[in-house]
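Residue numbers (our numbering), protein chains in the order written: chain C, 1 to 648; chain V, 1001 to 1268; chain W, 2001 to 2230.
Source of the hints: derived by calculation from the structure; they are not laboratory data. A virtual CB, placed ideally from N, CA and C, is assigned to each residue, including glycine. Any given hint could be a false lead.
What the hints assert, rightly or not - As a list, the in silico BS3-like pairs of lysine-lysine whose alpha-carbon atoms are at most 27 Å apart:
#: 1; chain 1: C; residue 1: K31; chain 2: W; residue 2: K2003
#: 2; chain 1: V; residue 1: K1018; chain 2: W; residue 2: K2096
#: 3; chain 1: V; residue 1: K1018; chain 2: C; residue 2: K213
#: 4; chain 1: V; residue 1: K1214; chain 2: V; residue 2: K1203
What the hints assert, rightly or not - Chain C is nowhere near these chain V residues, computed Cβ spacing over 12 Å in every case:
#: 5; residue: G1021
#: 6; residue: R1022
#: 7; residue: S1027
#: 8; residue: D1044
#: 9; residue: F1060
#: 10; residue: G1078
#: 11; residue: R1098
#: 12; residue: L1103
#: 13; residue: W1104
#: 14; residue: I1136
#: 15; residue: T1164
#: 16; residue: G1216
#: 17; residue: R1244
#: 18; residue: L1247
#: 19; residue: P1255
Each chain, written out:
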Amino acid sequence: MELRSNAPTGPIETRWDRHRAEIKLVNPANKRKYEVIMVGTGLAGAAGAASLADLGYKVKAFCYQDSARRAHSIAAQGGINAAKNYQGDGDSIYRLFYDTVKGGDFRARESNVYRLAQVSVDIIDQCVALGVPFAREYGGLLANRSFGGAQVSRTFYARGQTGQQLLLGAYSHLARTVAEGKVDLRTRCEMVDLIVEDGRARGIVTRDLVTGKFEVHLADAVILGTGGYGNVFYLSTNAKGCNATAAWRAHRRGALFANPCFTQIHPTCIPQAGEYQSKLTLMSESLRNDGRVWVPRKREDCTRDPSSIAEKDRFYYLEEKYPAFGNLMPRDIASRQAKFVCDQGLGVGPEINGVRRGVYLDFADAIKRDGKKAIAERYGNLFDMYQRITGEDPYSVPMRIYPATHYTMGGLWVDYNLMSNIPGLFVAGEANFSDHGANRLGASALMQGLADGFFVLPYVIGHYLAQAGKSKTTESSAAVTATLQETQGRFRKLMDIGQKGSRTVDDFHRKLGGIIWDNCGMARDPKNLRKAIEQIPQLRDEFYSTVKLTGSGESLNRDLEKAGRVADFFELGELMCRDALERDESCGCHFREDHQADGECVRDDDRYAHVAAWEWRGNGPEARDGNYVRHQEQLSFEYVKMAQRSYK
Amino acid sequence: MAETIDLKLHVWRQNGPKDAGRFEDYSQYARGISTHASFLEFLDVVNERLVLDNKEPIMFDHDCREGICGMCGMVVNGEPHGPQKATTTCQLHMRSFRSGEELWVEPWRASAFPVIRDLSVDRGAFERIIQAGGYITARSGAAPDANAIPIAKSLADEAMDAATCIGCGACVAACPNASASLFMSAKIGHLNSLPQGQAERDKRTLAMVAQHEKEGFGSCSNHYLCEAACPKEISIRWIARMNRDLLSAAISYKPAEQRAGGDGLSWV
Amino acid sequence: MLKAEPLPLLATGAGKKAAVAVTGTILYGFVFAHAVGNLQVFLGPETINAYGAMLHSMPKALWGARLVLLGSVVTHAALAMNIYAGAKAARPTRYKVNAPIAEQSILQRYARQTMILSGPIVMAYLIFHLAHLTAGAVPGLPFKEGDVYGNLVRGFQNPAVAVSYIVANLLLGLHLFHGGVALFQTLGLRHPQWDARTRPIAFLVTAVVTFTNVIIPTAILTGLIGSELR
């Protein structure tokens, strides 16, 4: 299969403008004849649905939460990047583009990234117009901060709740279009399959989470804005409901899944406290500006009161190993080093499965230097949150932190027009793979979600519909009835197994997450990956014979929902491991122990400067080796020269 | 501090909006609970035990579990989101309770929030209040430069105070009148504070208040329990400001369609 | 599609509350003036009877004021009951456990919780009060048109009447205190710089009215004044 990015050529600064000038338009009177489905109402989904509705398309939007404004974009803390150069500190569209390509370790598509940097400027204008209360200077102009080690201050923020404010802005935009009758919004409703006929996406099958009813929704284009798959790890900073079912079902209907092994681990999260732990909570990375990371040098000190451990017995591993950057090392390296010291038995905090997974983030020196008041001003709300969750006072006891899965760069493969290889199926935001390469920079996720939703989808959907015309599929079409029956059968089968089962869904999910975290988490090696590729199908087989469910499939059934999602995570998790095994190099967040130089990634640009896009040929739980086919989209770097990241 | 505790747990079970509902005693499933677990993790543990005992798990809404999505919420011993101040249920931890303590867990109770099942209620009324006017009309792509209108820092900060509302419904649950005034006033206050929100200010206020009425919420009689229950500590001052905006809107608002004709002045 | 048409102000909860606050403010002004005027009872029969005669010498103003007050009372009470009924419909079920409310003072909490009780009691008192001292229609209590002092003293020399007046006025005090603070919230007249003062002012006005209304029956009952009519 030839993967064509359909990206324009020529000078990169003019690619998007020329593309917009050349794409096909739908006549305003005809727009209302076209129906568009939007799955997911996060930043990409809400912004996209509202923008398309305002253009005149008939939009149906779906979310599994009880309100569109609860999508997990809401939890982003830090900020949103934009190349406004309001600070006059030398920022530009080109610099944001350059930083993003380099930060992604040269595994993203240049044209897409440039467009992202370009429209970032419009996002801020749009959000301010919608009433997003960004932080301001005393003079009334917008405030910026530098984020994630960027050399310019280009991050806009609203306290520590930027994601919330942006989502509320996009959501209010959506709410207006719903009130005006332009969008039919369905909440507590989950997409469980994609309908494809004659190679074109024709609609979706949904399950109403309250009534358990399956419904068919047909449309002329289907957009997935369904977020990432971080919950494949069970423990992640994602919301509990985040899942990959929409994307995975699309994959099983033919959409390629790109770079599934590119998952980002955030270094400063609150560690797991016990077996019952349901999710991990992220603490802003800014804490590393003043906190010092350490573990005891001796194993026997790991259970001692940290204040009683002498300075010489403390191992400030980041400061010692990387004197130039110290505690401010990039996310991936800081994360791996934490794992490394804990694997050596130097971790602190509660012991879970025989290992203590936590390192100290100590503010004692900063408090001594700047005073408690200054530290409280800077981090008061984070310290409060930490205390609420752990019951420990970080002003007097060092915080404990550990990395956690946070974002997935991989996702469904899309071309420059955000269209997957299935015509009519578009993918936006975290759900696609396109803009972040092998590593996402801080404050770039919100930017991409809104860029896709506000400023890319409105053009590319029209371009597609103008060429493809209306879909002629009806509810009685063979593909529709077959898809509906298959879906119903899938859930019925789970319920049948569940009646006789003996292990809970969460139990399986925890085990699966454990396998993936241990073998395909922060550091990967071929031996462990092969082991995981063996273990996952075994666990999946057990799942399909012993999972326990109660209640009925024809009503609200939270465990059945979860079972459907976990079933898909099994397959996705296995694909992740296979992708990690096949990508025989280290790049960005994909760290292969067999391709490193002193703990740093060693890329293999000759063999792997490409996107790996996997095709599904399997057939459900029976799928084995030969059923995964790997395609490649070659990446070329005309503007940003490939170089090695170095922090020594 | 004890690492694990046993609780006398009573949970409200209700099959649907029409079902009468009743408390069930789940104390036998609520033993050996880690004090480091969150309240929702505690319910997860109870649910896993219920399922293995062939009983249907307790339905409760939740999602982000970091206090920002606003999806979770239940009344614990008469207090929305439980006893800890400024904390959502998902961030409430079991160290707030003593071993042997009796817990009564119920859904938000309000006619405008019908129970879906057990502890989960339908907060669609909030959605419709927002749809009535909780937005600024700005089509994608037509916005002026973000710095074109300076906004005083104090004003932006104030708008942000209101905008932190997570729409969980605890204010309604706490109010003896089941009024959604705090929620509504925060949403109105956020947008009415900003220069961008002025064009639709009167219409927004009137329409959202009208929708609040239609949804069957009670009206505010200054009990201020909403403020005490709010996990984001939204101030009841916003209700005062909404009242003022409402009175002024009632005097000055004239719908656009009535403006045509006459001498062209909408109001003298 | 959502039809979000504005409602008439008095069809909204906040609008009704505003009307309750406005009528309450009118009544507030009346009880204050009334109480201060009544203090003249301490100056002897001639002064207060002359005050009464003066008021009656302006029948248009008197009846005008009475109509405004009657309208205010009726509106105030009717809307309050309407709001109360709406609240009951909005929250038909109570919680199993009553939560402690740590942040409100006992006085404030009591005033708040008894608002709907103190209202009807004060209303009943008001009817009795009018029947007793305005219309002279209470059987067993002597009444002479124009003799304000005599009517007052003879009435309050009856311990049952005096005590019920005192109790009713204490309740009225709570009602006024909560209402006096709440009306600023309800009418949106809040500002950080005024807020600190509204509570003391409401408390002071309430205290003056309550003290006056309680001290008169107490003084008569204890024979401090009016003992010459015993």
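Hints and how they fare:
1. For the hint pairing K31/C with K2003/W, the CA-to-CA distance comes to about 24 Å; that is within 27 Å, so the pair holds.
2. A hinted pair counts as satisfied when its Cα atoms are at most 27 Å apart, and K1018/V with K2096/W qualifies at roughly 20 Å.
3. For the suggested pair K1018/V and K213/C, the alpha carbons sit about 19 Å apart, so the restraint of at most 27 Å is met.
4. Distance hint between K1214/V and K1203/V is fulfilled; the C-alpha atoms sit about 16 Å from each other, no more than 27 Å.
5. In this structure G1021/V is separated from chain C by more than 12 Å, as the shortest Cβ-Cβ distance comes to about 15 Å.
6. R1022/V, annotated as away from the interface, keeps every beta carbon of chain C farther than 12 Å; the closest lies near 18 Å.
7. Separation of S1027/V from chain C is adequate, the least Cβ-Cβ distance of about 18 Å exceeding the 12 Å criterion.
8. Taking the minimum C-beta to C-beta distance to chain C, about 6 Å, the non-interface status of D1044/V is violated against the 12 Å cut.
9. Listed as a non-interface residue, F1060/V fails to keep its Cβ farther than 12 Å from every Cβ of chain C; the least gap is roughly 9 Å.
10. Annotated as non-interface, G1078/V keeps its C-beta farther than 12 Å from every C-beta of chain C; the closest such distance is 21 Å.
11. Here R1098/V stays apart from chain C, with its beta-carbon at least about 14 Å from theirs, past the 12 Å limit.
12. In this structure L1103/V is separated from chain C by more than 12 Å, as the shortest Cβ-Cβ distance comes to about 17 Å.
13. Every CB of chain C lies more than 12 Å from the CB of W1104/V, the least distance being 22 Å, so the non-interface label holds.
14. Its beta-carbon lying about 5 Å from the closest one in chain C, I1136/V breaks the requirement of being farther than 12 Å from that chain.
15. At roughly 6 Å, the least C-beta separation between T1164/V and chain C is not larger than 12 Å, which violates its mark as non-interface.
16. For G1216/V, the shortest C-beta to C-beta distance to chain C comes to about 18 Å, beyond the 12 Å cut-off, and the non-interface label holds.
17. Once the 12 Å rule is applied to beta carbons, R1244/V is consistent with being away from chain C; the minimum gap is 20 Å.
18. The claim that L1247/V lies off the interface holds: its Cβ sits roughly 23 Å from the closest Cβ of chain C, which is beyond the 12 Å cut-off.
19. A cut-off of 12 Å between C-beta atoms confirms that P1255/V is not in contact with chain C; the least separation is 16 Å.
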